[in-house]
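The lines below spell out each chain.
Number of protein chains: 2
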Amino acid sequence: MSKQTNTLQRFIKHRAKYGLKSSDKRTFVVDFFIKAGRHFTVEELYNEIKKQKSGISYSTVYRALKLLKQWDLANESMFGDSITRYEPVDKSEHHDHLVCQECGRIIEFENGKIEKLQYDVAQQYGFTVSAHRLELYGLCRKCKKKVRRP
Amino acid sequence: MSKQTNTLQRFIKHRAKYGLKSSDKRTFVVDFFIKAGRHFTVEELYNEIKKQKSGISYSTVYRALKLLKQWDLANESMFGDSITRYEPVDKSEHHDHLVCQECGRIIEFENGKIEKLQYDVAQQYGFTVSAHRLELYGLCRKCKKKVRRP
DNA sequence: TCAATTATGAAAATGAATTTCAATTTCATC
DNA sequence: GATGAAATTGAAATTCATTTTCATAATTGA
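Heads up: the protein sequence lines correspond to chains L and A, in order.
The letter at position 74 of the first sequence is residue 74 when you use the working numbering, and the numbering goes up by one with no holes.
Start counting at 1 in the second sequence, then tack on 150, and there's your number in the working numbering.
Check the hints yourself; a few may be wrong.
Derived pair list, reagent style DSS-like, types lysine-lysine, alpha-carbon separation capped at 27 Å [what the hints assert, rightly or not]:
id, chain 1, residue 1, chain 2, residue 2
1, A, Lys219, L, Lys116
2, A, Lys263, L, Lys144
3, A, Lys266, L, Lys116
4, L, Lys144, A, Lys266
5, A, Lys201, L, Lys116
6, L, Lys116, A, Lys292
7, L, Lys142, A, Lys266
8, A, Lys266, L, Lys113
9, A, Lys266, L, Lys145
10, L, Lys113, A, Lys263
11, L, Lys113, A, Lys294
12, L, Lys144, A, Lys219
13, L, Lys69, A, Lys294
14, A, Lys263, L, Lys116
Quick caveat, the hints were computed from the structure, so don't treat them as lab data.
The task is simple: from the sequences and hints, build the whole structure.
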């Protein structure tokens with residue numbers, strides 16, 4: 001079973017648990033988001049979906065993401081532009097981000113050594129870490145080339 | 151010369167360079183902020199200042215911070231609650247944050263090993279890093295105790 | 001089918017950040 | 001010290017993303 005399928009099934013389980021109903025529209029949004037498996041702002045997701053299916057409102061997209069977030073099936077992140085981005089959890093079990101300040105591309109990575117050091121630092125300060133955020137901002141390979149030869 | 155004094159003098163230099171005028175109110179805000187040497191939201195700074203001096207509006211505080219930011223004399227950060235916080239740069243030449251999710255306390259740290267690893271990761275992806283953000287969220291020592299014995 | 005409850009869309013409300021604008025203050029020049 | 005151009009200020013208005021409201025539609029269990 002793919003991670004996507006698993007996430008989708010967890011969504012369905014949660015929906016049942018809380019006595020929510022199944023609607024075509026919400027199902028489409030959740031499905032699309034999970035299958036896309038990448039970052040979206042609410043607006044981006046809304047626009048992408050609009051291309052494929054008409055009659056789904058911003059509210060519906062917004063509320064679907066909110067549910068996903070509530071149920072830990074989507075993660076929220078903000079990359080300094082005060083717009084919230086969401087990504088399905090199956091894609092984000094643990095990773096940090098490289099953010100290109102030129103084209104907006106987001107690359108995900110994870111690094112065990114960094115994590116270990118983070119844990120060590122927290123301990124030094126008597127801190128118990130339950131989450132972290134690491135983002136590296138700069139230029140991706142492509143944009144670096146562009147900037148060099150304008 | 152203390153770091154604070156240096157920052158203040160740089161503010162005055164910038165102010166002259168751009169032909170801005172010196173006002174008691176803005177001076178008070180900038181002075182207070184730099185001397186405090188810690189994180190503030192605009193509202194927090196506004197409230198703190200109100201205690202010491204009346205007749206300074208939110209706008210004035212906001213605009214003072216904006217200038218400081220423009221001139222790289224203050225850094226902006228957002229710790230996941232979608233409220234922007236500012237800190238004087240002299241306090242932030244390079245550090246990351248431990249954020250207590252219980253009491254909101256913010257502890258600063260820096261760790262050269264983590265930085266080096268960040269640089270390595272970026273290189274792997276052909277990325278040139280110009281800035282980064284690392285935040286560890288969790289419970290500080292005090293709050294951990296409280297949570298244990300409620 | 002009926003009744004109860006959730007889902008939906010459009011519009012309104014919210015909240016932080018930012019801008020507007022008339023009134024005030026600063027400061028270089030007279 | 002007076003003048004005037006330019007910056008500063010405060011209060012209110014605006015912006016923009018996010019969130020809620022409410023009337024209507026769709027879903028589901030009995």
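If you test the structure against every hint from before, which numbers come out violated? Structure breaks hints 1 and 5.
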